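**Q** Sequence:
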Amino acid sequence: MRDLLHDLRENLLRAGLSPRHVERYLRELSDHRDDIAEHLQKTGLSPDAAQVQAEHRLGGRDALLLPMLANQRFRSRAARWPALFYLVVPLALQAMLVIMAVLALLLAAATNLRPAIAELGSGMALLLLASPVLIAWLTFLAARRRRASPRLPVLGAFIGAALASALQLGVTLPASDTPGQIGLTLGIPPLLPLLALVLLSLVPLTLQPRPE
Numbered sequence: 002m003r004d005l006l007h008d009l010r011e012n013l014l015r016a017g018l019s020p021r022h023v024e025r026y027l028r029e030l031s032d033h034r035d036d037i038a039e040h041l042q043k044t045g046l047s048p049d050a051a052q053v054q055a056e057h058r059l060g061g062r063d064a065l066l067l068p069m070l071a072n073q074r075f076r077s078r079a080a081r082w083p084a085l086f087y088l089v090v091p092l093a094l095q096a097m098l099v100i101m102a103v104l105a106l107l108l109a110a111a112t113n114l115r116p117a118i119a120e121l122g123s124g125m126a127l128l129l130l131a132s133p134v135l136i137a138w139l140t141f142l143a144a145r146r147r148r149a150s151p152r153l154p155v156l157g158a159f160i161g162a163a164l165a166s167a168l169q170l171g172v173t174l175p176a177s178d179t180p181g182q183i184g185l186t187l188g189i190p191p192l193l194p195l196l197a198l199v200l201l202s203l204v205p206l207t208l209q210p211r212p213e
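Following the numbering used here, the numbering of the sequence shown begins with 2 at its first residue and continues without gaps.
Everything labelled a hint here was simulated from the structure, so no lab data went into it. None of the hints are false.
Ranges of calculated distance between the beta carbons of each label pair, as one might list FRET restraints:
{"#": "1", "residue 1": "Ala105", "residue 2": "Thr186", "range": "17 to 23 Å"}
{"#": "2", "residue 1": "Leu94", "residue 2": "Glu56", "range": "43 to 49 Å"}
{"#": "3", "residue 1": "Leu192", "residue 2": "Arg62", "range": "46 to 52 Å"}
{"#": "4", "residue 1": "Arg152", "residue 2": "Ile100", "range": "24 to 30 Å"}
Keep in mind it's a predicted model, so treat the numbers as computed, not measured. Just so it is clear, CB atoms sit at the ideal spot from N, CA and C, and this is done for glycine as well.
Modelling step: build the complete structure from the supplied sequences, incorporating the hints.
**A** Following this line, the structure appears as structure tokens:
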């Protein structure tokens, strides 16, 4: 029965059903099978024979798939709007982190942290450079959990890496004749940082198990 449940899980996830609904359905099937096997054992069947008979009574793969596939409310939002879930949202999150970093530096400049604003700016720049990698990993994990195609997460990883490597966050301390400033510029992505970010972002693809 473990193989049948595994096949059901893969079929349902690839059909775009929500992992939460899939796991709940499989738990219900497993519990129902155990109840049938327990009842059959009480009638005198051996545990092995009761297990085989319970699996047979539970139904075939197609019959067990139909109730879930026929109900559209079990489809996940990621399956309905994959471009939004795997591309737009990760890039929006990266943009939000940039805005939060700038706001944090502006707030720090108005506090006792002002003398260390240059160091804070360097730390923020490093975090912004690493953010697309972490976001890409989470996106690949979400796609893997839903058995979704990696095409949109890969595209998002490339765009996120390009934006991060092209973005320059700089902090200039005030001098006697010039005020300090926090600068955010967008230029042509340097090739080496871009390649490094892309390769790091795509690491989860190399860790995915091969399909059976």
